[in-house]
Amino acid sequence: MVNSIDNQQDILISEFEIFENWMDKYEYIIDLGKELPELDPKFKVEQNLIKGCQSQVWLHSELKNGLVELNADSDAIITKGLIALIIRVLNHQKPEEISKADLYMTSRIGLNEHLSPSRSNGLNSMIKQIKMDSLALMLKNGRNSN
Amino acid sequence: MKSEMLSQTIIPNKVDWDSIRNDFPILSTQVHGQPLVYLDNAATSQKPLTVIESIERYYKRENANIHRGVHYLSAEATFAYERTREQVKDFIHAEKIQEIIFTRGTTESINLVAHSFGKIFVKKGQKILLSAMEHHSNIVPWQILAEEKQAEIRVIPMNPAGELILEEFDRLLTEDVAIVSITHLSNSLGTINPVKYIIERAHSMNVPVLLDGAQSAPHIQVDVQELDCDFFVFSGHKILGPTGIGILYGKEKWLDLMPPYQGGGEMIKTVTFEKTVYNDLPFKFEAGTPHIEGGICLGNSIDYLNQIGLENIHQRENELLAVAYNALKDIPGIQFIGTAKEKSSVLSFVLNGVHPYDIGVILDQQGIAVRTGHHCTQPVMDFFKIPGTVRASFSFYNNLEDIDRFTFGLKKAIKMLV
Numbered sequence: 001m002v003n004s005i006d007n008q009q010d011i012l013i014s015e016f017e018i019f020e021n022w023m024d025k026y027e028y029i030i031d032l033g034k035e036l037p038e039l040d041p042k043f044k045v046e047q048n049l050i051k052g053c054q055s056q057v058w059l060h061s062e063l064k065n066g067l068v069e070l071n072a073d074s075d076a077i078i079t080k081g082l083i084a085l086i087i088r089v090l091n092h093q094k095p096e097e098i099s100k101a102d103l104y105m106t107s108r109i110g111l112n113e114h115l116s117p118s119r120s121n122g123l124n125s126m127i128k129q130i131k132m133d134s135l136a137l138m139l140k141n142g143r144n145s146n
Numbered sequence: 001m002k003s004e005m006l007s008q009t010i011i012p013n014k015v016d017w018d019s020i021r022n023d024f025p026i027l028s029t030q031v032h033g034q035p036l037v038y039l040d041n042a043a044t045s046q047k048p049l050t051v052i053e054s055i056e057r058y059y060k061r062e063n064a065n066i067h068r069g070v071h072y073l074s075a076e077a078t079f080a081y082e083r084t085r086e087q088v089k090d091f092i093h094a095e096k097i098q099e100i101i102f103t104r105g106t107t108e109s110i111n112l113v114a115h116s117f118g119k120i121f122v123k124k125g126q127k128i129l130l131s132a133m134e135h136h137s138n139i140v141p142w143q144i145l146a147e148e149k150q151a152e153i154r155v156i157p158m159n160p161a162g163e164l165i166l167e168e169f170d171r172l173l174t175e176d177v178a179i180v181s182i183t184h185l186s187n188s189l190g191t192i193n194p195v196k197y198i199i200e201r202a203h204s205m206n207v208p209v210l211l212d213g214a215q216s217a218p219h220i221q222v223d224v225q226e227l228d229c230d231f232f233v234f235s236g237h238k239i240l241g242p243t244g245i246g247i248l249y250g251k252e253k254w255l256d257l258m259p260p261y262q263g264g265g266e267m268i269k270t271v272t273f274e275k276t277v278y279n280d281l282p283f284k285f286e287a288g289t290p291h292i293e294g295g296i297c298l299g300n301s302i303d304y305l306n307q308i309g310l311e312n313i314h315q316r317e318n319e320l321l322a323v324a325y326n327a328l329k330d331i332p333g334i335q336f337i338g339t340a341k342e343k344s345s346v347l348s349f350v351l352n353g354v355h356p357y358d359i360g361v362i363l364d365q366q367g368i369a370v371r372t373g374h375h376c377t378q379p380v381m382d383f384f385k386i387p388g389t390v391r392a393s394f395s396f397y398n399n400l401e402d403i404d405r406f407t408f409g410l411k412k413a414i415k416m417l418v
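Residue numbers (this note's numbering), protein chains in the order written: chain A, 1 to 146; chain B, 1 to 418.
Treat the hints with care, as some may be off.
Unchecked claim - Within a straight-line C-alpha distance of at most 20 angstroms, the following computed DMTMM-like cross-link-like pairs (lysine to aspartate or glutamate) qualify:
no.	chain 1	residue 1	chain 2	residue 2
1	B	K415	A	D75
2	A	K51	B	D382
3	B	K411	A	D31
4	B	K415	A	D24
5	B	K412	A	D31
6	B	K196	B	E226
7	B	K385	A	E46
8	B	K412	A	D24
9	B	K119	B	E167
Claimed, not checked - Just a few of them, taken from the derived set where beta-carbon distance is under 10 angstroms, the chain A residues facing chain B:
no.	residue
10	W22
11	E27
12	Q54
13	Q56
14	E62
15	L63
16	I78
What the hints assert, rightly or not - Sample of chain B residues at the chain A side, in silico, Cβ under 10 angstroms:
no.	residue
17	G33
18	L36
19	H355
20	Y357
21	D358
22	V361
23	Q365
24	T372
25	P387
26	G388
27	K412
28	M416
Derived by calculation from the structure, the hints in this document are not laboratory data.
Each residue gets a CB set at the ideal place from its N, CA and C atoms; glycine is no exception.
Please model the complete structure; the sequences and the hints are all you need to start from.
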């Protein structure tokens with residue numbers, strides 16, 4: 001059975017297939033970035049910060065009813081758009097599903113090749129951080145329920 | 001493309017700037033399906049065909065190790081390598097050939113001075129005077145030294161235009177300053193510093209001065225004897241040459257007293273397990289097989305620059321800068337970072353509510369290469385309280401169409417992002 005993370009990824013991949021060029025893809029990513037709600041300032045703290053060479057990302061993850069709720073923000077709008085893509089795929093999923101998810105959409109959409117290395121690294125470190133957060137939430141949850 | 005600018009500006013035609021573009025093959029390539037507009041010259045310059053061909057020729061016909069072989073090729077390569085040293089000496093108007101040291105680049109040159117000068121001449125409690133607009137390469141080597149020697153870093157502040165505050169410099173220049181190390185031309189602001197004044201004042205207190213010439217060497221005629229600086233450092237790759245080769249100029253009186261930076265071949269006269277006698281200048285500071293190809297081909301880039309003439313280059317780049325400034329200045333929300341009276345070749349700016357990196361990405365999609373971010377000058381960004389800037393930096397081979405495309409591309413980016 002296809003899990004819902006992969007479902008979401010496949011939907012996104014097909015959404016991006018309709019664009020003829022990268023300028024249009026960027027326009028879409030920028031729109032997603034503009035639509036992403038701003039992060040509550042109380043979460044915009046040093047410990048939630050993923051420092052990149054060019055732009056900064058704040059990521060706050062918490063467990064609600066056994067599912068991971070992701071809230072994130074960036075000072076750059078394209079990065080924010082990328083966050084929106086990741087959130088669409090991983091938000092409200094089980095922590096164990098997130099931690100083992102294979103985010104093939106980044107290469108299928110071409111995000112890896114197309115983004116400059118500094119930003120692509122930013123994307124990868126964002127995904128890595130979400131997975132680590134999910135693992136931590138999973139362990140914490142396990143401890144609490146024991 | 002229809003030019004917005006051509007009708008407004010006339011650039012003197014002493015040099016045929018259009019045909020010069022043909023000397024740079026990369027300028028006719030495409031990026032993301034669009035003709036390249038290269039405005040990241042402060043990061044590295046493009047290379048003319050003569051330099052590119054010299055690299056190929058070297059490996060096809062001249063490759064040999066230098067300074068030690070008796071055979072023909074070694075002698076030829078040695079001759080060519082040492083010829084570049086002569087050219088560099090003339091390029092910066094140094095007095096003596098032994099004052100020209102080959103390094104890997106500006107960064108290594110500064111590290112060399114921080115290490116070898118610092119070892120002898122920087123003592124506990126002394127001050128190392130830097131400026132607020134230094135590249136990280138002219139900060140971190142001194143911090144390492146300061147930590148080791150328990151010396152202190154002092155910083156000459158700047159005003160909001162990005163000019164050094166000379167009264168503050170005068171105040172900071174005390175008897176216990178061991179060295180002043182400042183940039184000649186700021187890479188993130190474009191400011192040309194009043195180095196002549198700074199050197200004169202420092203020398204009146206017997207304090208030596210290192211000039212970071214990474215940005216000035218490509219754009220300004222440099223005369224180290226007239227400036228009277230004690231050290232002048234720059235990189236080959238920013239003056240049309242290969243990467244991995246750079247220059248340290250130092251007055252002989254300092255270089256003589258400074259211990260070697262690294263040990264190895266080339267830098268020795270005799271070696272026994274008991275004692276090694278170091279080689280004479282400049283070889284004392286050139287341990288190991290050097291970047292021979294880089295050294296030889298740097299000579300070709302200096303030839304090329306000399307053909308056009310640094311005066312012409314400087315004038316041309318100032319004109320391009322003025323045209324670009326005029327094209328951008330009325331864009332709503334634009335704020336130029338670095339508005340010094342004396343400036344060159346760099347246009348740095350931020351736009352209200354738009355992150356520099358977003359602009360860089362959208363410009364890149366249109367085939368336009370600029371630099372975004374802190375440009376390895378984080379303290380400058382902190383001073384202006386900004387995350388970074390968009391920086392367009394010009395070279396003589398840029399043209400008015402580049403500026404038109406850049407202006408058009410920037411406006412398009414703003415439209416998408418705001």
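Against which earlier hints does the structure fall short, listed by number upward?
9, 14, 15 and 18
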